[in-house]
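Protein chains in written order, with the working numbering: chain A, 47 to 427; chain B, 5 to 480; chain C, 41 to 144.
These are calculated hints, taken from the structure and not from any lab test.
Do not take every clue at face value.
Covered stretches of chain B, as calculated for chain C (at least 3 residues, CB under 8 Å) [claimed, not checked]:
| # | stretch |
| --- | --- |
| 1 | 8-20 |
| 2 | 33-47 |
| 3 | 126-137 |
| 4 | 322-329 |
To give an idea of the interface, some chain C residues facing chain B are shown, with a C-beta separation under 8 Å as derived from the structure [as the list claims (entries may be wrong)]:
| # | residue |
| --- | --- |
| 5 | Leu80 |
| 6 | Cys100 |
| 7 | Val104 |
If you want the ones that stay clear, here's a sample from chain A, every Cβ over 10 Å from chain B, calculated [to be verified]:
| # | residue |
| --- | --- |
| 8 | Leu164 |
| 9 | Pro174 |
| 10 | Ala175 |
| 11 | Arg203 |
| 12 | Arg207 |
| 13 | Gln208 |
| 14 | Gly209 |
| 15 | Gly220 |
| 16 | Arg256 |
| 17 | Arg327 |
| 18 | Asp334 |
| 19 | Pro399 |
| 20 | Asp409 |
Computed from a predicted model, the values in this text were never measured in an experiment.
Just so you know, even glycine gets a beta-carbon here, dropped at the ideal spot from N, CA and C.
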Amino acid sequence: MTFDVVVIGAGAVGCSVAFHMAEAGLKVALVERNFPGAGTSRATQAGIGVYAKKPRPNLELNMKGAELYPPLVARLGQDVELRMDGVLNVALTDEDLQKMRAFVSKQHETPGYKADMLTGDEARAMEPALSREVAGAAFCPLDGSVNSLLYVQALARAVVRQGGKVLSWTEVKGVRAAAEHAWTVATSRGNLEAAWVVNCAGVEARRIGRMIGIDVPIDPNRGHVLVTEAVPPLITRRISGPTLIRQTVHGSLLLGQSEEMVGDDRRMSLSVLTAQAVVARRILPGLDQVKVIRSFVGFRPWPPDGMPILGEVPGAPGFVNAVGHSGITWSPAVGKLLTELVTTRTPSMSLAPYSLTRFPGWDAGRSAKQPESSWGIPDGT
Amino acid sequence: MSTPDVVVVGAGPAGIGAALEAACAGASVVVLDEYPGAGGQYYRQPTPGLEASPNSPLIEHAPEGRAQIRDAQAAGVEFRQDVLVWGAFSDGSLTTLAAGKADVLKPSKVILATGGYERAIAFPGWTLPGVITAGAAQALFKGQGVLPGRRILLAGTGPLQVAVAAQLVHAGGRVVGVLEANHFGRLFRSGPRFWGQWARLQEGYRYWRTLRFQGVPLAFGRTVLRAVGNGALSRVVTAALDAGWRPVPGTETEVEVDTLCLGFGLVPNTKLARLMGCDLIHDPCCGGVVPVHNDDMETSRTGVFVAGEAAGVAGAKAAEYQGRIAGIHAARQLGKGMSAETEGRLQAARRHLRKEMRFARALNEVFAVKPGILDLVTDETVICRCEEITWGRLRRERSEWATTLDAVRSATRAGFGLCQGTICEPLVADLLARATEQSVADLGSYHIRPPLKPITVGALADLNLRLPPPPKRMDH
Amino acid sequence: MEHDDLRLQSYVRRGRPVSIEVDGEPIQAFEGETIATALLAAGRRVLRHTQEGTPRGLFCGMGVCFDCVVEVNGETSVRSCMTPVRPGMSIRTPQAFHGKEQRP
Chain A
47 MTFDVVVIGA
57 GAVGCSVAFH
67 MAEAGLKVAL
77 VERNFPGAGT
87 SRATQAGIGV
97 YAKKPRPNLE
107 LNMKGAELYP
117 PLVARLGQDV
127 ELRMDGVLNV
137 ALTDEDLQKM
147 RAFVSKQHET
157 PGYKADMLTG
167 DEARAMEPAL
177 SREVAGAAFC
187 PLDGSVNSLL
197 YVQALARAVV
207 RQGGKVLSWT
217 EVKGVRAAAE
227 HAWTVATSRG
237 NLEAAWVVNC
247 AGVEARRIGR
257 MIGIDVPIDP
267 NRGHVLVTEA
277 VPPLITRRIS
287 GPTLIRQTVH
297 GSLLLGQSEE
307 MVGDDRRMSL
317 SVLTAQAVVA
327 RRILPGLDQV
337 KVIRSFVGFR
347 PWPPDGMPIL
357 GEVPGAPGFV
367 NAVGHSGITW
377 SPAVGKLLTE
387 LVTTRTPSMS
397 LAPYSLTRFP
407 GWDAGRSAKQ
417 PESSWGIPDG
427 T
Chain B
5 MSTPDVVVVG
15 AGPAGIGAAL
25 EAACAGASVV
35 VLDEYPGAGG
45 QYYRQPTPGL
55 EASPNSPLIE
65 HAPEGRAQIR
75 DAQAAGVEFR
85 QDVLVWGAFS
95 DGSLTTLAAG
105 KADVLKPSKV
115 ILATGGYERA
125 IAFPGWTLPG
135 VITAGAAQAL
145 FKGQGVLPGR
155 RILLAGTGPL
165 QVAVAAQLVH
175 AGGRVVGVLE
185 ANHFGRLFRS
195 GPRFWGQWAR
205 LQEGYRYWRT
215 LRFQGVPLAF
225 GRTVLRAVGN
235 GALSRVVTAA
245 LDAGWRPVPG
255 TETEVEVDTL
265 CLGFGLVPNT
275 KLARLMGCDL
285 IHDPCCGGVV
295 PVHNDDMETS
305 RTGVFVAGEA
315 AGVAGAKAAE
325 YQGRIAGIHA
335 ARQLGKGMSA
345 ETEGRLQAAR
355 RHLRKEMRFA
365 RALNEVFAVK
375 PGILDLVTDE
385 TVICRCEEIT
395 WGRLRRERSE
405 WATTLDAVRS
415 ATRAGFGLCQ
425 GTICEPLVAD
435 LLARATEQSV
445 ADLGSYHIRP
455 PLKPITVGAL
465 ADLNLRLPPP
475 PKRMDH
Chain C
41 MEHDDLRLQS
51 YVRRGRPVSI
61 EVDGEPIQAF
71 EGETIATALL
81 AAGRRVLRHT
91 QEGTPRGLFC
101 GMGVCFDCVV
111 EVNGETSVRS
121 CMTPVRPGMS
131 IRTPQAFHGK
141 EQRP
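So that you can see chain A by itself, here it is in the shape it has in the complex (with noise of 0.2 Å):
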């Protein structure tokens, strides 16, 4: 089957890829080894994320994505619990305190950055279950959260509508150029045939990159989280700082913010999971009662230097990557860019910072003789 482009992934980010460019007429096809949204998308707090991101155009980039989040869920129909109310991200010592304010100061260098510093009562008088010991805080405007799962079913959804193919089940096993700027994507349901490529992969992206012998340095960034039971509302917006929490809509909490780099071994660690409690109950004391009844571990798509890995890569015209930790809180900027980039060769926002070939050694797999990965494809087929 030929199509404009395939989308490898169907998770925040290749959701959002897969429906900007269908809604911008593109015939795309998303596929998706599991059904949409198995990967991380399903495992995260799903906070759309701009305080704390750097560098520079880590942050443009964050905050573009946070911007075009309310238009993009009003154009897909669905309520997908979207909360743009910022971000409180507290201190407990004096010294983060200090910290935080130099952090602050230097983020406000980038054009509409927005975070204000307050004391620890100006804190608790805006969230008033935040422990006494809170020295003080920021309050980022810019940030929010989302239901990750609707978000990404919503997009799947508008994906069809725009009269996209979610190939679901659907296990990519090699991709291969056909000819300059043609590529052949073989999968566990037949072979597809598209111009253009976009690795949305995830945790999984350096084993597609693999395929077409490039390096794509992301590794699985693994992190506990404990959901709670619902209650009334202990907090109104996000708390970050030295763990993470947030309220659902349903009064739930998401509880923790680890990070571990351990391969993809997805077992539970007890003294991980126990010390998100820990931090947690410190910063909300009315936590200590509250029952904990479920927990999960999710993998960030982390790539060496925090930065999204975007764009095009050199010497593979077509094959376009798009993967690297918060791709919730960029999806949105992300699906627009890589359109324009698709449609008018001109996305509106450089992807020049974001490029693959920062990494030296990116291309290694890439010498004379076809690299492992590409098995006879049969031609024409």
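Add chains B and C to chain A, keeping to what the hints say.
Same frame as chain A, but now just chains B and C:
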């Protein structure tokens, strides 16, 4: 606190049998049980403070259970009651919660005797206060000395219903009827399968005679269609069923009741086994998904055993023998229990188990729930009780990609409430299988994550402060 | 108002009476009874209302369904079928938090 050789989770017939044998073989054994007293459901004892005389209808199997518990204690088994096992981790740790305090154990061997619970059959009004399970009626009656209500209707399938009804009647309860979903003809034709089970047939006959004597109607080929009430149950509409258990239009009658007991068989409680990574197999003949195990009752995870209803619904006697077999093998893996005497007990348990399994299989087949009963479910019927997700919502969310239990759960939140899918999983599986024309085995299962039951943030935090610090990792 | 007729009278002897409070009202129970039993015997089958406002009570009676949860001495999500009464216990039958009302 020293770690025991063997931890048994669950103090019902299987757990008691396992603990007894493991202790007799020389292992140190601790039984962890969530209830205030040992016995599980089958050997449920009257609650402390409630004394029942031997003539009391309360006393069914309780004395037998008490004797076995005493034997186990005499052999050195430590029963720890009011203890919840909420987690299992890859380093072999089991985490517990008792009196608000979390703790960790690392036993050498684990025997999962987590029992079973009632299969949920959904119909309009099934969430009304007053609609309970047959198991709940027994727990109230045997354990608490209280009738579940004033006018009681039982609906379901299988001999347990008749037993519960007779016990309620004997205790002075007003039972207005017992509805058996199977047609009498079918049951009659199945009679020969129970040849040889004289004691059981006699017991069944006694119960039936009690009901007849009290004028309690026993209807065949009939079940509940819907439950009605304003704020709580006040009426039940019943209907006839065809051979496939589909309700027959035009056969509705109404009966005024304040209590409806549902008894459609049991489902194995496999959550802990699944959390521990045991391989599973779908066996419709024993209640659904069960951990794969060999004849020694060992699961796919070395040193982890399963016994009783959790290994497949087969009744209390089978549970006991499976427990004994598991207990002996757990001890043998520790180099104990090698004597000829233990070997003799093992062989006896195997012999008894074989006989029990033949009976259990026959019972399970004859009284299997037939898919026609899913026709009771309408779009407005709540399927996930905790999150109040209706079948209409599940059906609408089901799309080209939401075709596994995991996907449907993610799409709808069904199974993400307080009970974490315990009640709705088998029901969603059956409904989804029918709607997508797949087999239940192909649908996969809900992902199980700790805690298996709720635990406070405070208890988790306090546990962390007592854990040894994790090894320092090389930072990225 | 008491409904002693649900409690079996023959061949049983009960323990000491225990006084508890449910939604501000005093209720008489007996030692060893669960909260669910005490409420059932006192004529109260409705144990809570859900987020959609529907009434719920005892269902499985063995601690797996969490339909019977009440608030006990301030502790939330306590299974009334698994929890024995204690003298002076203060119980509230929850009217569930309607999550949608969280935001103004």
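Verification of the hints:
1. 8-20: violated (count 0)
2. 33-47: holds (count 4)
3. 126-137: holds (count 7)
4. 322-329: It is violated, with 0 qualifying residues against the three required.
5. Leu80: Because about 6 Å separates Leu80 (chain C) from the closest Cβ in chain B, which is inside the 8 Å limit, the hint holds.
6. Cys100: Holds, because the Cβ-Cβ distance from Cys100 (chain C) to chain B comes to roughly 5 Å (cut-off 8 Å).
7. Val104: Interface hint status for Val104 (chain C): holds (5 Å vs cutoff 8 Å).
8. Leu164: holds, 25 Å
9. Pro174: holds, 18 Å
10. Ala175: holds, 13 Å
11. Arg203: violated, 8 Å
12. Arg207: Label holds. Min Cβ-Cβ 12 Å, cutoff 10 Å.
13. Gln208: Holds: least Cβ distance 16 Å, greater than 10 Å.
14. Gly209: holds, 15 Å
15. Gly220: holds, 23 Å
16. Arg256: holds, 21 Å
17. Arg327: Violated: least Cβ distance 5 Å, not greater than 10 Å.
18. Asp334: violated, 4 Å
19. Pro399: holds, 22 Å
20. Asp409: About 23 Å separates Asp409 (chain A) from the closest Cβ of chain B, which puts it past 10 Å; holds.
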